[in-house]
Amino acid sequence: MNNLSVSNLIGIKYLDKNDLNLIFQMATSFKEVINRPIKKVPSLRDFTIANLFFEDSTRTKLSFEIAEKRLSADLINFSISGSSIQKGESLLDTVNNILAMKVDMIVLRHPNPGAALYLTQKVDASVINAGDGTHEHPTQGLLDCYSLLEKFGSLKGKKIAIVGDITHSRVALSNVYALKKLGAEICLCSPKSLIPVNAQNLGVELSSNLLETLKWSDAVNMLRVQKERIDKTVIPDLRDYSLQYGLTKSLIEKLDKQIFILHPGPINRGIEITSEVADSDQAIILDQVENGVAVRMAVIYLLASKQKIVPNENYSS
Numbered sequence: 001m002n003n004l005s006v007s008n009l010i011g012i013k014y015l016d017k018n019d020l021n022l023i024f025q026m027a028t029s030f031k032e033v034i035n036r037p038i039k040k041v042p043s044l045r046d047f048t049i050a051n052l053f054f055e056d057s058t059r060t061k062l063s064f065e066i067a068e069k070r071l072s073a074d075l076i077n078f079s080i081s082g083s084s085i086q087k088g089e090s091l092l093d094t095v096n097n098i099l100a101m102k103v104d105m106i107v108l109r110h111p112n113p114g115a116a117l118y119l120t121q122k123v124d125a126s127v128i129n130a131g132d133g134t135h136e137h138p139t140q141g142l143l144d145c146y147s148l149l150e151k152f153g154s155l156k157g158k159k160i161a162i163v164g165d166i167t168h169s170r171v172a173l174s175n176v177y178a179l180k181k182l183g184a185e186i187c188l189c190s191p192k193s194l195i196p197v198n199a200q201n202l203g204v205e206l207s208s209n210l211l212e213t214l215k216w217s218d219a220v221n222m223l224r225v226q227k228e229r230i231d232k233t234v235i236p237d238l239r240d241y242s243l244q245y246g247l248t249k250s251l252i253e254k255l256d257k258q259i260f261i262l263h264p265g266p267i268n269r270g271i272e273i274t275s276e277v278a279d280s281d282q283a284i285i286l287d288q289v290e291n292g293v294a295v296r297m298a299v300i301y302l303l304a305s306k307q308k309i310v311p312n313e314n315y316s317s
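Residues in the sequence shown are numbered consecutively from 1, following the numbering used here.
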């Protein structure tokens with residue numbers, strides 16, 4: 001088995017195409033494992049992972065926990081509520097105290113961009129970025145691309161639209177980096193107030209017309225409107241936003257082709273996407289959830305293998 005070129009997963013930006021292909025190859029093996037009657041493998045027995053979530057999370061946190069348990073790892077779950085962080089303890093002191101308990105890997109979600117990178121410069125354990133502010137969410141970008149690869153076989157030349165709140169989305173940036181490395185064409189569709197000022201430097205198309213973007217696309221990833229991060233002067237009326245940028249059945253019916261529909265969750269039904277579309281056959285949202293476990297198993301296993309304490313094993317049938 002080849003090794004990843006990195007010892008931490010901080011962002012898709014730091015991975016090369018070989019890294020992506022290795023992760024996807026391993027994810028395919030683990031997806032077969034988690035669909036067996038016995039869903040666990042002993043790869044990470046006696047390997048301890050700390051899940052440090054300084055922001056609320058449901059899907060990502062549960063997905064990492066299930067992935068770790070499927071690999072037979074021991075895990076420690078940490079949340080800011082009731083922790084010493086609320087008493088003034090620094091991130092580094094908190095992490096060092098946890099590492100003193102002989103933890104091998106850290107999965108970190110933090111509101112500050114760069115928090116995961118900062119940790120890699122201070123600690124010896126492997127670090128996986130589970131979302132840092134509005135910067136990157138690398139495992140989400142990986143599972144989104146993996147879900148598309150299952151449908152298309154290859155992303156080279158495929159036209160992928162990312163629609164919605166681009167400015168506040170860590171998912172968007174990770175998707176852009178991953179899709180470009182895999183040869184896809186990308187269009188960011190959003191109101192101008194929700195497009196980052198440096199978006200043109202990413203090598204993507206920009207659009208403010210949803211219907212035209214959908215006609216161009218082979219697949220569309222609908223982003224959540226992050227109401228908790230958005231000033232009302234940016235989107236004064238969510239109903240108006242939904243009328244212009246919400247994905248509806250009537251819009252889909254105007255296309256002369258089928259496109260695949262993704263959403264990283266949580267879904268604001270009736271705002272960025274209607275229930276009718278989210279639950280349709282064209283939506284691969286639940287595929288993303290299932291693939292998230294397999295992709296995170298792959299990332300954890302490959303990074304653990306870099307520490308030379310986990311044997312290289314083949315779990316493909």
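To be clear, the hints were calculated from the coordinates, so they are not data collected in a lab.
Quick caveat: nothing in here was measured; it's all calculated off a predicted structure.
Glycine included, every Cβ here is placed at the ideal spot set by N, Cα and C.
Treat the hints loosely; a few may be bogus.
[What the hints assert, rightly or not] No farther apart than 25 Å at their CA atoms in a straight line, the calculated lysine to aspartate or glutamate pairs in the DMTMM-like style are these: (1) Lys215 x Glu290; (2) Lys159 x Glu290; (3) Lys40 x Glu65; (4) Lys17 x Asp256.
[Said to hold, decoys possible] Have a look at the derived ranges for each label pair, beta carbon to beta carbon: (5) Asp237 x Ala100: 45 to 53 Å; (6) Asn21 x Glu290: 41 to 49 Å; (7) Lys40 x Gly183: 31 to 39 Å; (8) Leu92 x Ser275: 41 to 49 Å.
The hints, checked one at a time:
1. Among the hinted pairs, Lys215 with Glu290 is inconsistent with the structure: their alpha-carbon atoms are about 28 Å apart, more than 25 Å.
2. A hinted pair counts as satisfied when its Cα atoms are at most 25 Å apart, and Lys159 with Glu290 qualifies at roughly 24 Å.
3. For the hint linking Lys40 to Glu65, the alpha-carbon distance of about 13 Å falls within 25 Å, and the restraint holds.
4. Straight-line distance between C-alpha atoms of Lys17 and Asp256 comes to about 33 Å, which puts the hinted pair past the 25 Å bound.
5. Roughly 51 Å separates the CB atoms of Asp237 and Ala100, a value that falls within the hinted 45 to 53 Å.
6. With their beta carbons about 20 Å apart, Asn21 and Glu290 fall outside the hinted range of 41 to 49 Å.
7. Taking 31 to 39 Å as the suggested C-beta distance range, the pair Lys40 and Gly183 conforms, at roughly 35 Å.
8. For the pair Leu92 and Ser275, the beta carbons lie near 44 Å from each other, so the given range of 41 to 49 Å is met.
Violated hints, listed in ascending order, are 1, 4 and 6; each of the other numbered hints is respected by the structure.
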